[in-house]
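Q: The numbering of the sequence shown is the working numbering, which starts it at -15 and goes up by one.
Where hints are given, some of them may not hold.
[Claimed, not checked] FRET-style restraints, in silico, Cβ to Cβ:
{"no.": "1", "residue 1": "53", "residue 2": "114", "range": "23 to 29 Å"}
{"no.": "2", "residue 1": "54", "residue 2": "108", "range": "30 to 36 Å"}
{"no.": "3", "residue 1": "82", "residue 2": "139", "range": "21 to 27 Å"}
{"no.": "4", "residue 1": "114", "residue 2": "30", "range": "33 to 39 Å"}
{"no.": "5", "residue 1": "60", "residue 2": "31", "range": "19 to 25 Å"}
{"no.": "6", "residue 1": "-12", "residue 2": "141", "range": "22 to 28 Å"}
{"no.": "7", "residue 1": "83", "residue 2": "58", "range": "18 to 24 Å"}
{"no.": "8", "residue 1": "33", "residue 2": "74", "range": "31 to 37 Å"}
{"no.": "9", "residue 1": "136", "residue 2": "73", "range": "25 to 31 Å"}
{"no.": "10", "residue 1": "83", "residue 2": "26", "range": "25 to 31 Å"}
It should be emphasised that the hints constitute simulated quantities derived from the structure, not laboratory data.
No experiment lies behind these values; they were computed from the predicted model shown.
Ideal Cβ positions, reconstructed from N, Cα and C, are used throughout, including at glycine.
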Amino acid sequence: MKEDKTVLEIPVFGAFDQYFDQFMETNNNVNEKKYHDFVLKEYAADDSHIVYFYFMDYIPETGSASLIDQIIPKAPFSFFLVDSKEGLQEEATRNLIVNYCDKYSTPVFLIVKKDPLEFYTNIVKDSLVEENSLELILIENDSENVQKTAIVEAIKKVTPVNI
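Please put together the full structure from these sequences, using the hints given.
A: See below:
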């Protein structure tokens, strides 16, 4: 008899850079499928929990748009990966976040490396963060399992129950 598994679907947005690659890397419990508008990674957290990450560097307007429009509203939250010092100052990043917040009400977490501290401070003070009620999740620069850390922190922030 096949055992039921709990599935969590999480959209992840960001530029395809080194940080994005680091976030995508996990252990051997991962299956990956590439589609036109996104990369789907199936991460087996344990024997009874699976996480589907939908990695995108833009919000599709055609093609996969209907699929993404079905996933995001049902997701408990979405992640935006921000790594460079100019991350929130880049027009493409700002536009992506603004477009997302205009279109969806699903909570958003900015995944930010803890180092350098000045970058974190700049993000906290950025009007985009306040205007769109964006939450920050700080990740240690040398963290081995960025995905797990981000998920646990996000769940703690969206649920009233202590984990």
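Q: Does each hint fit the structure? Answer for all of them.
A: Evaluation of the provided hints:
no., hint, in the structure
1, 53 - 114: 23 to 29 Å, "holds, 27 Å"
2, 54 - 108: 30 to 36 Å, "holds, 33 Å"
3, 82 - 139: 21 to 27 Å, "holds, 26 Å"
4, 114 - 30: 33 to 39 Å, "holds, 37 Å"
5, 60 - 31: 19 to 25 Å, "holds, 21 Å"
6, -12 - 141: 22 to 28 Å, "holds, 27 Å"
7, 83 - 58: 18 to 24 Å, "holds, 19 Å"
8, 33 - 74: 31 to 37 Å, "holds, 34 Å"
9, 136 - 73: 25 to 31 Å, "holds, 29 Å"
10, 83 - 26: 25 to 31 Å, "holds, 27 Å"
Hint violations for this structure: none, all hints satisfied.
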